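**Q** Protein sequences, first through last, are from chains A and B.
Its first residue numbered 1, the first sequence is counted upward by one per residue in this note's numbering.
Its first residue numbered 1, the second sequence is counted upward by one per residue in this note's numbering.
Calculated directly from the structure, the hints in this document are not laboratory data.
Hints are not guaranteed to be accurate.
[Said to hold, decoys possible] Sample of chain B residues at the chain A side, in silico, Cβ under 10 Å: (1) Gly16; (2) Ser31; (3) Tyr35; (4) Gly42; (5) Phe91; (6) Arg95; (7) Phe96; (8) Thr101; (9) Tyr103; (10) Gly105.
Note that the structure is predicted; figures quoted are calculated from it, not measured.
Every residue, glycine too, gets a C-beta built ideally from N, C-alpha and C.
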Amino acid sequence: GESVGLHLPTLSVQEGDNSIINCAYSNSASDYFIWYKQESGKGPQFIIDIRSNMDKRQGQRVTVLLNKTVKHLSLQIAATQPGDSAVYFCAEVAGNQFYFGTGTSLTVIP
Amino acid sequence: DAGVIQSPRHEVTEMGQEVTLRCKPISGHNSLFWYRQTMMRGLELLIYFNNNVPIDDSGMPEDRFSAKMPNASFSTLKIQPSEPRDSAVYFCASRFGSTDTQYFGPGTRLTVL
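Chain A on its own, in the form it takes in the complex:
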């Protein structure tokens, strides 16, 4: 039968393992990138950002990598915890234009 709804990419990881969530962006003019986390029933929450003049940025337990050559962005979460279970969105900004990806659903297995 016909499927309905978005089919989010899913990622399941064991608690304590590292997680890598990937995002491909489309606009070569995008110069600012953001990762958001959305827990069930809540709004997207800012995690970390990176500007196009950088290729790596680290936060607390999270690292964002930017590869402008292939227009690829990744979010690495170290020592993944059950509280990290959520949908993760990347967003690209080009001037006043703001584009969200469809998201990746991360499930952490205790």
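Here the structure of chain A is known, so what remains is to put chain B in place on it, guided by the hints.
**A** Chain B alone, transformed into the frame defined by chain A:
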């Protein structure tokens, strides 16, 4: 910092009724965004304001939708008349400057019966 405030958090209404969603952005932020999120389409930008002026409303589905920002601390999104297909979670977000990140409110879950 209270963050972006939205009200109501939940709204259930009948088809044909007018619905008004409200948003208070973070103080000092000069851009405000309205989004709709559904399982079918994900997160969609409806409209955004810069310094209280609507800049891009190309995402507004149809004339039944309208948004206003009478001052820097308040915005409304109105649907009149509402239809069942308008059922979704509506998010408001604000940001400071043109390249800073957007900060989202908790959303309003709208159900149109």
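**Q** Each hint should be assessed against the structure and marked as holding or not.
**A** A quick look at each hint next to the structure:
1. Gly16: At about 25 Å, which exceeds the 10 Å cut-off, the nearest Cβ of chain A leaves the hint on B:Gly16 violated.
2. Ser31: Given a least distance of 9 Å, the restraint on B:Ser31 holds.
3. Tyr35: With a closest approach of 8 Å, the B:Tyr35 hint holds.
4. Gly42: At about 5 Å, which falls below the 10 Å cut-off, the nearest Cβ of chain A leaves the hint on B:Gly42 intact, so it holds.
5. Phe91: holds (5 Å)
6. Arg95: Hint holds; B:Arg95 Cβ to chain A Cβ min 9 Å, cut 10 Å.
7. Phe96: violated (13 Å)
8. Thr101: holds (5 Å)
9. Tyr103: Holds, because the Cβ-Cβ distance from B:Tyr103 to chain A comes to roughly 6 Å (cut-off 10 Å).
10. Gly105: holds (6 Å)
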